[in-house]
Amino acid sequence: MVWVEIVTVLALLQYIAFAVMVGQARGKYGVSAPAVTGHEMFERYYRVQMNTLELLAVFLPALWLASRHWAPSITSTVGAVFIVGRFIYLRSYTKEPSTRGLGFGLSIGPAAILLLAGLVGAVIDGLK
Amino acid sequence: MVWVEIVTVLALLQYIAFAVMVGQARGKYGVSAPAVTGHEMFERYYRVQMNTLELLAVFLPALWLASRHWAPSITSTVGAVFIVGRFIYLRSYTKEPSTRGLGFGLSIGPAAILLLAGLVGAVIDGLK
Amino acid sequence: MVWVEIVTVLALLQYIAFAVMVGQARGKYGVSAPAVTGHEMFERYYRVQMNTLELLAVFLPALWLASRHWAPSITSTVGAVFIVGRFIYLRSYTKEPSTRGLGFGLSIGPAAILLLAGLVGAVIDGLK
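Read top to bottom, the protein sequences are chains S, E and D. Going by my numbering, the first residue of the first sequence is number 1, and it counts up by one from there. Going by my numbering, the first residue of the second sequence is number 1, and it counts up by one from there. Going by my numbering, the first residue of the third sequence is number 1, and it counts up by one from there.
Only chain S is shown next, with the shape it has when bound in the complex (with noise of 0.2 Å):
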């Protein structure tokens, strides 16, 4: 299970990373707490924060059920193409906004898939 462990301290390393960012572009955009708006470049880092711990929420409960049932060596890997997503949607969506398709894509499709695999190992561990 150690590269189950490692996906998930370096996936939520990255939501820190994010959240840093958020705290930073505060300051850069002139945005004071507790307002979330005024800037457009503020809200479009706080809005991939945000929508990194949306996925997060089904993200790592999914990778943890699915490593329940099926070799952590595979559900490691489908969790690294969620950060390598995540990546990629930080870039695109700072860059422009209507060109998150692709990073949001590669990061809710692991995510489901992992979530479909857990349902799956589980009602056929269930069944046994």
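Over the 10 Å line for every Cβ pair with chain S, so calculated as not near, a few chain D residues:
#1 V20
#2 G23
#3 V31
#4 W70
#5 P72
#6 I74
#7 V78
#8 F87
Computed footprint of chain D on chain E, listed as stretches where at least three residues anywhere in the stretch have a Cβ under 8 Å from a Cβ of chain D:
#9 32-44
#10 48-60
#11 118-128
It should be emphasised that the hints constitute simulated quantities derived from the structure, not laboratory data. Ideal Cβ placement from N, Cα and C applies to all residues, glycine included.
Once you have looked at the hints, place chains E and D on chain S.
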């Protein structure tokens, strides 16, 4: 634990469905990213997704924790009520936000029950 | 693991309390759903809850992961600091947002320590 795992997956699939509805509402009501305001109907769908995310953060850990100490058949049944509650919440909130109380109660209630059951179970098993 | 479970429940109960405060702030400051802006004080309570949700997404997985590799007595103590940090964050943010640094540091710090402890523990135990 198969039912606990199935309830986990179903709650996450429901949450993904809510997120997809938010994406569709972006197009239907003309709210382009990164904005999350601008049309009341979009905001309702967005708040349904966000409130579900806010509750999943309690519900999933509570479901798993309670299932370590109590019969999974009982905890997964309580968990199923959460999913029904979220569906009622979606229906009522998008129709008229002020009527969201029942759906909210039927989802925070099960989450709170599972959380307290987890606490009691942890303490009882810890004292053994 | 009883202390790890108790810290988990306490952190989630605290988060529920923050959410209840947001609900009360809706009434007190006249911000009706689905709006999440309109009164500075409401926005402060809302941001406290959201920021806590953002950190719980790191803190809880990090707490559990670290506790798989290190003494639960130590990880749950670090976890208790997180809860104290969140309480300070609530107090300072609602009084004056610019003073939120200490409470933020006392909550992201423990979360980051647990996350890195989890990473180191996973690697060490993986190499055995």
